[in-house]
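As given, the protein sequences belong to chains A and B, one line each in that order.
The letter at position 223 of the first sequence is residue 223 when you use this note's numbering, and the numbering goes up by one with no holes.
If you want this note's numbering, it's the 1-based position in the second sequence plus 1000.
FYI, nobody ran anything at the bench for these hints, they're computed from the structure.
Mixed in with the good hints there might be a few duds.
So the derived list for chain B, only partly shown, Cβ under 10 Å to chain A, looks like this [what the hints assert, rightly or not]:
#, residue
1, M1001
2, M1067
3, D1068
4, A1092
Ideal Cβ positions, reconstructed from N, Cα and C, are used throughout, including at glycine.
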Amino acid sequence: MTPAASSAIAVTQALDAVMREDKGRLVSALIVRLKNFELAEDALQEAMASAVAHWSRSGLPASPQGWLLQVAWRKALDRIRRSQTEARTAEALQPFIGAEIGEAPDLISDNRLRLIFTCCHPALDQKSRVALTLRTICGLTTGEVAAAFLDQEATMGQRLSRAKAKIAAARIPYGVPEADALAERLQGVLAVIYLIFNAGYSATPDRTRDFVREAIFLARLVDGLCPGQAEVEGCLALLLLTHARSAARLGPDGTAIALGEQDRSLWDASAMREGLSLLDRAMHRRAPGPYQIKAAIAACHMQDDSSDWPQILALYDSLLRFEPTSVVMLNRAIALAETGALEAALQSLAGLADALADYQPFHAARADLLARAGRTAEALDAYGMAIARAGSQADARLLSRKRDRARSP
Amino acid sequence: MKYMLLIYSNPDLQPAYGTPEFQAMMGGYFALNERLKADGVIRGGEGLKGVETATSLRVRAGKAETMDGPFAETKEHLGGYYIVEVPDLDAALRYAAMIPSAHFGTIEVRPLMDYNPAG
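Could you put together the complete structure from these sequences and hints?
What follows is the structure in structure tokens.
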């Protein structure tokens, strides 16, 4: 191999490593300063192309990130100058004129938090928030984001473009919200992170990008950049505690294993320790919220040899104050049954029948409780409805086994 | 940037004239107007008479057709608007949330185009 070829390979590898680690940070710095997604992404792309040529000739710069940012910044300003007629150039460059003309944004201040609030802004629809966050902050390609939603790449590209166009046209700010709105907007950011986590958690493991890892990365990032927020800590705790059980949650044939029946030796002890200590820290801040409560429920399932149901029931009652949804009511009813109040639990389920008519876990839970109450005919019927709505083959198999057991107790 | 805050509401859900709720709503609008002036952000705003007074018109094949009633047959009607000039959407949304009708209707927040047809 010629020295030139081997140096080109080394440069490409170095560039790949920088982009894998720092792409989100570099692109955030550019977007927030340029207030333009496309321009920032294109300029960074151009800078990467230059990097291969320059670094091969003169070796790696002391700070590859700084070099890329400097060059991308100059390329962006060039593009603005080229694309505008002379009269409008001055106007377009106006925001950058002053002390900072020609100076690249610094690397020290991390702009990712500001950009996360932009990507997760409530003026964008939910799916666009998730997609834009994965694309911009996590650095996924449009194709990878599309795959997560089972969308065509072109469709996802259009969705991302529309969202970016709205950010520009409606002037959605690039910034951390003011103190009076911060808690509410943080909940919106956490909702996006939780959706990404669940997309990864329910996916088959052969996916190219691990969304569970991306979600934990995002939660850590927000916790690091916006420290001391009990709900952010609670959300990260919830993700870690849920993730800790992932090796134990499916049987060899892919069947879901109920929490109480999982092999606890398969739980990830270090993720669990970190989750519990984060939850502890969050609760000491005395600012309760839905993520802390959900993390506390996960902890109650995991800490002792068996789940602490009276405590879990009390936690669901608290959660209902924040999220008065049918799904939370369902989980509360299950906890209620576990404390021994089977009849009361069944009555509470009866009130949810309309709202959750198409929700498989509702029928599965109702079937379990009916079987336990000895109402076999109704239980068999309910298992049938659950099986008809099962999301996977494995779930259907598990429900069928339970139905067989109910038939001949 | 200028934003128009379009106030849509269903007249049936609006507090009736003469009730304490109506008084509270009017008080809310008065307070909002004072606030918008004090903050120096108000650029315009009007309330509209009811949709029973509306006439719609379109020109087809060179001929004006007029119709009784509003353009769209919906329960919520455009009842008025504000124009505010603020730095970004978050600021516009903050004022939109202060509009009393937001409690029973919907406020649509739209950025204005850069040119002004009135000159």
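We went through each hint and held it up to the structure:
{"no.": "1", "hint": "M1001", "result": "holds (5 Å)"}
{"no.": "2", "hint": "M1067", "result": "violated (32 Å)"}
{"no.": "3", "hint": "D1068", "result": "violated (35 Å)"}
{"no.": "4", "hint": "A1092", "result": "holds (9 Å)"}
Taken one by one, the earlier hints fail for this structure at numbers 2, 3, listed in ascending order.
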